[in-house]
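Asker: Could you build all of it, start to finish, from the sequences and the hints given here?
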Amino acid sequence: DAGITQSPRHKVTETGTPVTLRCHQTENHRYMYWYRQDPGHGLRLIHYSYGVKDTDKGEVSDGYSVSRSKTEDFLLTLESATSSQTSVYFCAISEFPLAGVEQYFGPGTRLTVT
Amino acid sequence: TQLLEQSPQFLSIQEGENLTVYCNSSSVFSSLQWYRQEPGEGPVLLVTVVTGGEVKKLKRLTFQFGDARKDSSLHITAAQPGDTGLYLCAGAPGAQKLVFGQGTRLTINP
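Protein sequences appear in the order of chains A and B. For the first sequence, our numbering assigns the number 1 to the initial residue and increments by one for each residue that follows. For the second sequence, our numbering assigns the number 1 to the initial residue and increments by one for each residue that follows.
Calculated directly from the structure, the hints in this document are not laboratory data. Careful: at least some of the hints might be erroneous.
In silico negatives: residues of chain B with every beta carbon more than 12 Å from chain A [unchecked claim]: (1) 16; (2) 59; (3) 83; (4) 96; (5) 110.
For the chain A half of the interface with chain B, some residues (derived, Cβ under 8 Å), not all of them [what the hints assert, rightly or not]: (6) 31; (7) 42; (8) 43.
By construction, the Cβ of each residue, glycine as well, lies at the ideal position given by its N, Cα and C atoms.
Answerer: Next comes the structure, spelled out in structure tokens:
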């Protein structure tokens, strides 16, 4: 199994509060991704990173920001959480281009915004 | 936005039956992956197909990439309760990113 951890695994927060989710990898993979998973929507890309300090938006980036100051860490921040951001968040890594775009996923963070 | 449509979204069958899950798009993908996800865990890669018409087998699972690289199918022979899970297809429209289908929730009843 790829060495990917996410923290926290579960979080309940109130509307309007800032929240930061952390993804940590030990594989030294270049690419890291944040997705959210909601019933009926599969996985939707929020942001991704193709190197330290290099990030780009995905299809559902509004309300989210990311940072990557080290190869192994990719942070997802909800500046002011809303109930629509209640979801399960997954981090993924990829050793592009050596292995194509196959991605390896972390265990997920279940976030509830009340 | 390139979309992948999976069908069916839910499937419940008896142990020993065969089934096929479809993943369709109007767009061409450079590769396509199938993942399986169990409750409380992240998706796990099952297979990647790259060439149009390619067929890959993983024990009782057979994956096919369409000739035009716009669609794929997953066929399970003699399904077992251990096959229960959420199956996701994901296509690479180009470099760097994947587009996921909405998933097929499969339940195999003993």
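Asker: A separate judgement is required for each hint: does it hold in the structure or not?
Answerer: Results for each hint:
no., hint, verdict
1, 16, "holds (29 Å)"
2, 59, "holds (19 Å)"
3, 83, "holds (19 Å)"
4, 96, "violated (6 Å)"
5, 110, "holds (26 Å)"
6, 31, "holds (7 Å)"
7, 42, "holds (4 Å)"
8, 43, "holds (4 Å)"
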